[in-house]
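Chains A and B, in that order, give the protein sequences.
So in this note's numbering, spot 36 of the first sequence is number 36, and the numbers just go up one at a time.
With positions in the second sequence counted from 1, the corresponding number in this note's numbering is that position plus 117.
Hints listed in this document are in silico derivations from the structure and should not be mistaken for laboratory results.
Don't be surprised by glycine CBs; every beta carbon is placed ideally from N, CA and C.
Incorrect hints may have been included.
[Said to hold, decoys possible] Far from chain A, some chain B residues (derived; all Cβ distances over 10 Å):
#1 PHE151
#2 LEU163
#3 THR168
#4 PHE180
#5 GLU181
#6 HIS192
#7 LYS218
#8 GLY222
#9 PRO231
[Unchecked claim] Residues from chain A shown here face chain B by an in silico Cβ test under 7 Å; the list is partial:
#10 ILE12
#11 CYS13
#12 GLN14
#13 MET31
#14 PHE75
#15 LEU96
#16 TYR104
#17 GLN106
#18 GLY109
#19 PRO110
#20 GLY111
The chain contents come next:
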Amino acid sequence: SAVISQKPSRDICQRGTSLTIQCQVDSQVTMMFWYRQQPGQSLTLIATANQGSEATYESGFVIDKFPISRPNLTFSTLTVSNMSPEDSSIYLCSVLTPVQGQSYEQYFGPGTRLTVT
Amino acid sequence: AQSVTQLGSHVSVSEGALVLLRCNYSSSVPPYLFWYVQYPNQGLQLLLKYTSAATLVKGINGFEAEFKKSETSFHLTKPSAHMSDAAEYFCAVSASGNTGKLIFGQGTTLQVKP
Chain A
1 SAVISQKPSR DICQRGTSLT IQCQVDSQVT MMFWYRQQPG QSLTLIATAN QGSEATYESG
61 FVIDKFPISR PNLTFSTLTV SNMSPEDSSI YLCSVLTPVQ GQSYEQYFGP GTRLTVT
Chain B
118 AQSVTQLGSH VSVSEGALVL LRCNYSSSVP PYLFWYVQYP NQGLQLLLKY TSAATLVKGI
178 NGFEAEFKKS ETSFHLTKPS AHMSDAAEYF CAVSASGNTG KLIFGQGTTL QVKP
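This is chain A alone, in the form it adopts within the complex (with noise of 0.2 Å):
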């Protein structure tokens, strides 16, 4: 199994600033996602986070709005820049595990409230 935490929980930010979500995993994990879920509304992915290299984005996310990183296996940071009201939602953190056999297991983060006025 795997553990996930973000940091921070949930914050009120000022449109036009900057904030950055931490995602944290117990171990070592190849796979790593960013999920976005607005008001009311289902989950998104926004991108796939690739460490030591470029994050892929889905369709409709850019780096420019929503750049992450990925120092190493355990570690991610999505950042939503310049924000605006329509930013607002919940950002999930996501890993897939290996399980015994060919398996994978999927994880979802307790997810970061975001609240932009």
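Add chain B to chain A, keeping to what the hints say.
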């Protein structure tokens, strides 16, 4: 492309009654399917997953789901609802295999009445 549709954004059942949460998927390749639960102010927890093995999948907390290819469905059931089952439930499909890139449905809020 893959997509997931959850029928019913809110489902209300009485304690002890059958829980049925509906999920239909669309996938151009054999899908991997998942059900997650989200309790208030908590992260997502995996209930169960289908990865092309047995079509009837048993998960935690007494939940199970059946993969029906002919109906493109993966409905979640539990014979007897508990008050503690009240939560948001998400069905998800993996873009291709177990890649970690999940496409989620809109979610179903389960209310359990005493």
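So which of the earlier hints does this model not fit? When the structure is compared with the hints, numbers 1, 2, 3, 7, 8, 10, 11, 12 and 14 turn out to be violated.
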